[in-house]
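S.K.: Respectively, the protein sequence lines represent chains A and B.
At position 306 of the first sequence the residue is numbered 305 (numbering that gives the first Met the number 0), and the sequence of numbers has no breaks.
At position 300 of the second sequence the residue is numbered 299 (numbering that gives the first Met the number 0), and the sequence of numbers has no breaks.
Honestly, the hints are just simulated from the structure, not real lab data.
Check before you lean on any hint, since a few could be wrong.
In this list, chains with the same sequence are indistinguishable; a pair is considered to hold if it fits within one copy or across any two.
[As the list claims (entries may be wrong)] For lysine-lysine, the following PhoX-like pairs were computed, each having C-alpha atoms within a straight-line distance of at most 20 Å:
| hint | residue 1 | residue 2 |
| --- | --- | --- |
| 1 | Lys33 | Lys118 |
| 2 | Lys93 | Lys50 |
| 3 | Lys15 | Lys117 |
| 4 | Lys117 | Lys176 |
2 protein chains.
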Amino acid sequence: MRQSILFTKTIKESPKDEKSVNARLLVRAGFVDKLMAGVYSFLPLGFLVLKKIENIIREEMNSIGGQEILMPTLQPRANWMTTGRWEKMDDLFKVKDASRKDFALGATHEEVIVPLVKKFVSSYNDLPLYVYQIQNKFRMELRAKSGLLRGKEFMMKDLYSFHLTEKDLDGYYEKVKAAYIKIFKRVGIWKKTHLTFASGGSFSKYSQEFQTISDGGEDIIFVCKNCNQAINREIFDEVKICPNCRRKDFNEEKAIEVGNIFKLMNKYSKPFDLFVLDEKGRKKEVVMGTYGIGLGRIMGTVVEVCHDEKGIIWPEEIAPFHFHLIQAGQGSKTEKIARRIYDDLQKSGFAVLYDDRKGKSLGEKLVDADLIGVPVRVLLSDRTLNANSAEVKLRSKKETELIRLPALNKFLVSRKLYV
Amino acid sequence: MRQSILFTKTIKESPKDEKSVNARLLVRAGFVDKLMAGVYSFLPLGFLVLKKIENIIREEMNSIGGQEILMPTLQPRANWMTTGRWEKMDDLFKVKDASRKDFALGATHEEVIVPLVKKFVSSYNDLPLYVYQIQNKFRMELRAKSGLLRGKEFMMKDLYSFHLTEKDLDGYYEKVKAAYIKIFKRVGIWKKTHLTFASGGSFSKYSQEFQTISDGGEDIIFVCKNCNQAINREIFDEVKICPNCRRKDFNEEKAIEVGNIFKLMNKYSKPFDLFVLDEKGRKKEVVMGTYGIGLGRIMGTVVEVCHDEKGIIWPEEIAPFHFHLIQAGQGSKTEKIARRIYDDLQKSGFAVLYDDRKGKSLGEKLVDADLIGVPVRVLLSDRTLNANSAEVKLRSKKETELIRLPALNKFLVSRKLYV
Chain A
0 MRQSILFTKT IKESPKDEKS VNARLLVRAG FVDKLMAGVY SFLPLGFLVL
50 KKIENIIREE MNSIGGQEIL MPTLQPRANW MTTGRWEKMD DLFKVKDASR
100 KDFALGATHE EVIVPLVKKF VSSYNDLPLY VYQIQNKFRM ELRAKSGLLR
150 GKEFMMKDLY SFHLTEKDLD GYYEKVKAAY IKIFKRVGIW KKTHLTFASG
200 GSFSKYSQEF QTISDGGEDI IFVCKNCNQA INREIFDEVK ICPNCRRKDF
250 NEEKAIEVGN IFKLMNKYSK PFDLFVLDEK GRKKEVVMGT YGIGLGRIMG
300 TVVEVCHDEK GIIWPEEIAP FHFHLIQAGQ GSKTEKIARR IYDDLQKSGF
350 AVLYDDRKGK SLGEKLVDAD LIGVPVRVLL SDRTLNANSA EVKLRSKKET
400 ELIRLPALNK FLVSRKLYV
Chain B
0 MRQSILFTKT IKESPKDEKS VNARLLVRAG FVDKLMAGVY SFLPLGFLVL
50 KKIENIIREE MNSIGGQEIL MPTLQPRANW MTTGRWEKMD DLFKVKDASR
100 KDFALGATHE EVIVPLVKKF VSSYNDLPLY VYQIQNKFRM ELRAKSGLLR
150 GKEFMMKDLY SFHLTEKDLD GYYEKVKAAY IKIFKRVGIW KKTHLTFASG
200 GSFSKYSQEF QTISDGGEDI IFVCKNCNQA INREIFDEVK ICPNCRRKDF
250 NEEKAIEVGN IFKLMNKYSK PFDLFVLDEK GRKKEVVMGT YGIGLGRIMG
300 TVVEVCHDEK GIIWPEEIAP FHFHLIQAGQ GSKTEKIARR IYDDLQKSGF
350 AVLYDDRKGK SLGEKLVDAD LIGVPVRVLL SDRTLNANSA EVKLRSKKET
400 ELIRLPALNK FLVSRKLYV
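Full structure from sequences and hints, please.
M.R.: Here it is in structure tokens:
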């Protein structure tokens with residue numbers, strides 16, 4: 000993409016109404032725009048990152064047998080009465096139409112998926128079943144001040160699994176856990192992310208969540224120094240021993256919950272009377288699991304974890320572009336060579352942000368590049384052209400390297416620059 | 000995809016609460032599920048079609064310079080007060096949070112895009128600008144009875160263009176028109192679709208919309224027998240002459256509005272004071288256009304237009320799969336060959352629905368295949384295997400053809416079967 004076309008512009012000063020690192024950097028670099036507290040628009044750069052996160056999640060969900068669907072935001076009151084959450088869920092948005100009919104805005108989708116699955120599932124042969132969607136959620140969040148980490152409206156992947164037995168659920172739960180670890184590796188936060196024991200609700204002693212250590216986090220976790228698993232503060236006082244390795248030595252850390260995996264058992268199959276007939280024709284209640292990841296929250300967490308004082312440092316797999324090509328000066332030769340590099344890289348299948356803006360100094364362009372955070376910067380200036388070269392620099396490193404032009408495309412394309 | 004895994008099942012009887020052809024067929028074939036009037040879930044097959052429509056629209060919007068973003072559903076009351084639509088728009092959903100703050104649910108996004116663009120656009124150099132999104136819309140539709148054609152919640156592509164002059168808007172408007180025609184060709188409804196003059200609102204004599212002739216339509220249009228353009232009934236009495244070719248000879252038809260293109264002029268730039276400075280530093284109000292296509296409505300329209308008494312007949316580019324491979328009988332030889340065909344087609348880059356279901360007769364499988372409507376059916380049965388062949392049939396044609404197995408993959412992959 001030519002940067003002269005991109006309609007967003009970087010902002011020098013941090014917006015005064017943003018306290019969180021992720022919102023400050025994402026707003027300044029033009030990835031998102033705040034419409035109001037807890038509600039953001041994704042601008043072209045942010046949209047690209049969001050789609051990359053979405054595709055990673057989709058691939059990993061498909062690889063564990065997930066069938067993708069899309070459920071509505073507007074949901075009938077009756078379904079929420081059935082589960083008792085119409086009254087009990089404090090942060091549920093409720094809306095009426097002109098005929099005074101009540102709807103919930105989907106804060107989660109158990110109230111839709113369970114009656115939906117009930118229409119198609121009747122025999123043990125129909126199980127197990129794994130269904131997921133990537134859809135907006137709405138929650139009445141009154142103190143939304145952590146940028147993309149906590150919003151009134153946010154995009155989420157929610158997977159629901161349906162099983163004949165608890166044992167079968169247990170097996171799939173482990174598969175989802177492995178898929179989540181892959182996702183966190185691919186988006187670049189796994190090294191700081193810990194599988195964490197949290198309160199289990201009414202159905203199991205503990206639930207599990209994934210927590211990423213970050214000063215921007217709103218949670219406190221205790222990380223076991225021995226096995227690296229963690230315990231959420233909410234249950235630490237009653238637990239005090241690592242449920243995984245039974246040791247007692249912890250580091251206290253601030254962390255962001257980036258995913259959760261939860262055995263629902265019959266919590267929602269019961270109120271909707273979701274059952275199947277087993278081999279012997281006996282009625283058996285379906286056992287369920289639910290597994291969530293917020294896409295915007297992942298984006299915000301990555302920024303919290305991957306940045307320096309100059310700006311964002313995107314991990315390769317979710318960067319909006321592979322390369323940021325910077326053209327310094329408007330000499331016809333410089334422009335011609337820059338365009339050729341731009342075309343060649345795109346032909347090789349790479350996404351390039353090409354800074355062809357006129358009226359911006361080299362200094363301004365480099366400051367913007369650092370703020371935006373594309374993993375590899377390729378600079379073409381009078382100085383590099385005198386050496387018949389381009390300067391290549393990783394966003395995450397200080398060193399630069401002059402690469403001769405005839406070898407440049409091969410160098411950029413063939414090398415695993417990002418390791 | 001193996002059909003034995005697909006969790007939806009076809010339904011023999013038309014659902015009693017569905018009057019429209021599109022909803023009846025889409026529900027029966029398992030593409031969508033009705034949550035309540037005007038609100039549907041997209042099930043795995045429907046989700047695939049929705050994504051194909053989305054990608055076609057995205058490609059065509061990108062090809063005319065559109066920059067994709069994603070704007071929120073929850074919108075502050077203040078923005079809607081600025082345009083006067085908080086009170087004037089009857090079908091606007093309004094919602095309060097616990098602090099009694101008011102929000103609109105996005106029925107359209109002018110109230111978000113204009114203040115957003117205002118943050119980045121200040122000079123004539125920043126124009127023209129084309130921004131679009133694919134996002135849910137919410138409208139308080141009390142008589143939603145046309146399936147996917149009219150909903151309370153529906154996915155829409157909305158493109159907004161920003162210009163320095165009306166002349167520039169006029170030029171881009173024609174480009175969008177051409178892109179829309181490409182979209183309607185690719186989704187398979189262009190032959191029945193007419194560019195239609197409709198009421199222009201307060202800013203131009205006429206607006207234009209695209210109307211697809213169909214008995215399922217809620218609109219009436221008058222199609223000029225000479226030039227094939229049409230006039231919406233709402234303005235026919237005042238017009239009576241084709242605005243395009245000046246003739247007076249029309250056919251009256253029922254039709255579905257599948258897209259609209261509209262010159263907004265300064266309707267929304269004025270209330271938000273969106274202006275730029277021109278070459279001479281003079282303040283100039285920005286001129287706007289808006290262009291919409293509903294994705295679900297396209298899906299519903301295609302079904303209204305492309306079906307027979309047996310089911311849906313998907314046009315190639317938006318079909319959920321390229322091939323429907325039917326295995327009749329469970330003999331180990333049949334299954335082995337079917338699996339090989341399935342693998343080979345997928346390796347060649349095609350999407351295949353493979354009916355490997357046990358306990359279904361060949362007759363049931365063929366009835367399901369006709370209902371689901373994948374363009375090409377490939378049948379493997381004892382009969383065809385005796386001839387060392389598979390039977391190939393287009394959903395849109397009556398004829399079948401026996402193709403010898405060694406030549407099958409090449410036949411399916413290399414031939415343009417769908418012309």
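S.K.: The structure should be examined with respect to each hint, and the outcome stated for every one.
M.R.: So, going through the hints one by one against the coordinates:
1. Lys33 to Lys118: Classified as between; 11 Å across copies, 40 Å inside a copy.
2. Lys93 to Lys50: neither (29 Å within a copy, 29 Å between copies)
3. Lys15 to Lys117: Intra 49 Å, inter 19 Å, cutoff 20 Å: inter-copy only.
4. Lys117 to Lys176: neither (26 Å within a copy, 44 Å between copies)
Comparing the model with each numbered hint stated earlier shows that hints 2, 4 do not hold.
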